[in-house]
Amino acid sequence: MQYIIVGLGGQGILFTSRVLGHIAVSRGERVMGSEVHGMAQRGGSVISHFKVGDYSSPLVLTGAADLLLSFDQNEGIRNLHFLRKGGAAILNVHAPEAMENPHIKSFLAERQIKAFCLPGYDILREKMEGRFLFMNALILGAMCGAGAGTLSIEEVRKAVEKLAPAKFRGDNLKAVDLGYEHFAGK
Amino acid sequence: MGNKVILLGNEAIARGIVEAGCDVAVAYPGTPSSEILPAVAKYADELGTRTAVEWAVNEKVAFEVAATASFTGKRTCAIMKQVGLNVAADPLMSVAHFDLAGGFLIVSADDPGPHSSQTEQDSRYFAMFAKVPCFDPASAQEAKDMVFDAFDLSEKYHMPVMLRPAVRVDHCRQDVETGEVRDLARKADFKKDIRRWVCLPAHVKINHPQLNAKLDSVREDFETAFGRYNFEIPATGKARIGIIASGVSFSIVMDLLKEWKREDVAILKIGTPHPLPVKMVEDFMARHDNLLVLEETYPVIEMQLPNRTKLKGRWNGFVPRAGELLPEVIRDLILKALGEPVPDEGVPELKAAIEEMKVTPKPPMLCPGCPHRASFFAMRKALPTGIYPSDIGCYTLGVNQRDVDTTIDMGASLTSASGFYLAYKTDGKDQPVVATIGDSTFFHMGILGLANAVYNRHAFVLAILDNSITAMTGGQSNPNVGEKLRQGDEGRRIEIEPVVRGCGVSFVKVAEPYDTADSAEVFKEAWEHAKANREPAVVILRHPCMLLRQKQARVKVRVNPDKCIGCKYCTNFFNCPGLPFDEGAKKARIDERFCVQCGVCIQVCPHGAIEAVEGEEA
Ligand SMILES: Cc1ncc(C[n+]2csc(CCOP(=O)(O)OP(=O)(O)O)c2C)c(N)n1
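So the protein lines, in turn, are chains A and B. The opening position of the first sequence corresponds to residue 189 in the numbering used here, with each subsequent residue numbered one higher. The opening position of the second sequence corresponds to residue 62 in the numbering used here, with each subsequent residue numbered one higher.
In short, the hints are calculated from the structure, not lab data. Using N, Cα and C, we set each Cβ at its ideal position, and we do this for glycine too. There's no promise every hint is true.
[To be verified] Derived DSS-like pairs: lysine-lysine, alpha-carbon spacing no greater than 27 Å straight-line:
1. Lys423(B) to Lys629(B)
2. Lys315(A) to Lys617(B)
3. Lys273(A) to Lys397(B)
4. Lys273(A) to Lys371(B)
5. Lys612(B) to Lys315(A)
[Said to hold, decoys possible] Taking CB as the label site, the calculated pair distances span:
6. Glu217(A) to Pro667(B): 55 to 65 Å
7. Pro353(A) to Lys624(B): 36 to 46 Å
8. Glu349(A) to Gly480(B): 53 to 63 Å
9. Asp576(B) to Asp359(A): 29 to 39 Å
10. Gln548(B) to Ser214(A): 28 to 38 Å
11. Ser340(A) to Val339(B): 49 to 59 Å
12. Pro307(A) to Leu608(B): 28 to 38 Å
13. Pro353(A) to Ala249(B): 35 to 45 Å
With the sequences and hints as input, model every part of the structure.
Right, dumping it as structure tokens:
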């Protein structure tokens, strides 16, 4: 299982790969990932590679990722090429019309990629007083709700509960649930 | 025994340093090396070792402190990023000749790409230049294992040994085996011996040939005794290509081959690129006609081969001479070397969409609320015709709003200001020059440039952007902060003002960056003083970094659409992520996702269009 996680510096991308890693290890699987630290974190484009299974290198080859988790619409679009045929993307979008671009639609169709878009900022604005730092938990929940990937919502909730700082545990779990409910049963 | 935990590559290296019984670890932060030293302190605290762990003021200092501690027979290490090794080059060249007592490890982290550096240089080249052995890990686990071997090798031959992790090893996260601490119970015991410890020319005449002999022995060891790092993976079928690979490039090749299930590829993995086990490589070369070398970032393996005419590599440009060897680059190189078609990325649709929608990568920017942005704004307002040499730190990002005209390396804001001063002075012109430097960089290499400018009477303004932290590299302490890394260690804070005065500066004023009108006045006054008195004048702009999350007044702001005329003054000269320009409405707007309500932008708009929202001032 190969993930690409993209967004902007400061959006809490590293927490997402920690959650994925925690679950994989508790399942007895090997993990490997590549993170961005330093200059690139100052609000600029950030990309994390994360691989579960028997791999040697931490980097995902373009066109080989199973799942793209995107915290920012532009970053998501810029990195769709990482997805393999039949892969899936969970995308926080703020201007959904962009996803209607005919080139993007034909790219997704050609590669048989399922793109799950959610208005993450709107959800967090309405339901969590605009505290956008919970985007990471929201996306993780959305991933389970959309049925993308192999993780269950219970596993994700358990890992988030374990890894989130005590002060924000409840809020993180709420964001996971909000993401989950956005897609589950639809 | 072995317990597997998921670690960052840098944590794995730190764990190795503590487990290997290292008594003194000194570093200066720099991406991608910065997480190593704090992790050394963490493990030393957890495991209860006596390791001394310190941030030094710069890499030369770190190197010399650690190297000398090893003269007493203890194991020590100096940790830095690749350009830090430039700063430490002087002691590196000398100490390489010494007959050391305790193991001395140099960790120099490289940044192919580069992702966060001013060069893409290869530390292995420096190892070759200084004649010290070098390990090049391909994974976090290997990096940790190599720490032990590097110390052992250093003690076997009494010479410094380098570990060169590249960024993908430093910042990879993987399961790593942890072990027990080797308690070496060494006691410091410095044995005086001028031949060993004083680098006089007469001693170099003995020590240099001896260094050469040591390197020959190390090379022999690398040929025969380091099979865990240097090994061949023969093709399962008939080999049509032989790949010589080191570092993470090797790991990438392994993943590709697994995916491809190819039987015609043989690999020679090299984990000790200097001194190169030449016989091993030549033997591999003799058995393969089609040879590809994959290494980052310079052709260091290639350079050490007497005959490289057969090789496809960085040397002859088959492999690009610059840039990171990403999986897709390596895939294409292997296919090209095999004469097979390189897959069309097949994403013209995506490219078209990205072009149509003008989706570009977002460059790093100063954080919302960053005091540097306000300082720059005041600087430009006060001295709009100035030349602005700057330095290395978050404030380098002031280049986005053109408040940074030059950067060379750490400390060069001051020396560049001197250079500009002299060039214009010889024409008889008073050119305003404002140098900007951060607090960590000031202590790293700024003080010397200041002393030079005072001594030689150079007229310019030095703005010390004091955010009380080393921010760019993740928020480390420095002399201006005074904290130390190990539990129970106490440091002492050094204030900037007395240091500046001690260098002979008579104009020293502190300003609050958020008050841009006041700090602009101070900038003007400083330049008038510098000009009149032919000496540098210093303005200290003091406000804590946003990363420190200190409580400050919040001012909710809005852009009044009736007053905003869409002139883009705020985006051009203030450039805050919380205050973007809405191309549709042709007006500035507040982006609540990023705005931290610092309120500084109210002072920026020349038309008064940015207003505090009434009743919401805290
Ligand atoms: C020789 C060298 N060592 C280390 C670094 C890594 N580095 C980049 S910026 C920086 C320090 C910045 O601190 P400061 O000057 O206080 O500015 P701030 O980022 O806090 O604004 C460091 C250590 C480097 N670029 N060059």
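Here's how the hints hold up against the structure:
Of the pairs offered as hints, the one joining Lys423(B) and Lys629(B) holds, with about 19 Å between alpha carbons and a cut-off of 27 Å not exceeded. A hinted pair counts as satisfied when its Cα atoms are at most 27 Å apart, and Lys315(A) with Lys617(B) qualifies at roughly 21 Å. As the CA atoms of Lys273(A) and Lys397(B) are separated by approximately 24 Å, the hinted pair is consistent with the 27 Å bound. Only pairs whose Cα atoms come within 27 Å are accepted, and Lys273(A) paired with Lys371(B) is rejected, the gap being roughly 38 Å.
Of the pairs offered as hints, the one joining Lys612(B) and Lys315(A) holds, with about 26 Å between alpha carbons and a cut-off of 27 Å not exceeded. The given range of 55 to 65 Å is respected by Glu217(A) and Pro667(B), whose C-beta atoms sit roughly 58 Å from each other. The supplied range of 36 to 46 Å is met by Pro353(A) and Lys624(B), whose beta-carbon atoms lie about 42 Å from each other. For Glu349(A) and Gly480(B), the hinted distance range of 53 to 63 Å is satisfied, since their beta carbons lie about 58 Å from each other.
In this structure the hint that Asp576(B) and Asp359(A) lie 29 to 39 Å apart at CB holds, the actual value being about 35 Å. At roughly 30 Å, the beta-carbon separation of Gln548(B) and Ser214(A) lies within the given 28 to 38 Å, and the hint holds. The hint said 49 to 59 Å for the Cβ distance between Ser340(A) and Val339(B), and at roughly 54 Å that hint holds. In this structure, Pro307(A) and Leu608(B) meet the distance hint of 28 to 38 Å, their C-beta atoms being roughly 29 Å apart.
Checking the proposed 35 to 45 Å range against Pro353(A) and Ala249(B) shows it holds: the Cβ atoms sit about 41 Å from each other.
Comparing the model with each earlier hint shows a violation of hint 4 alone; every other hint is respected.
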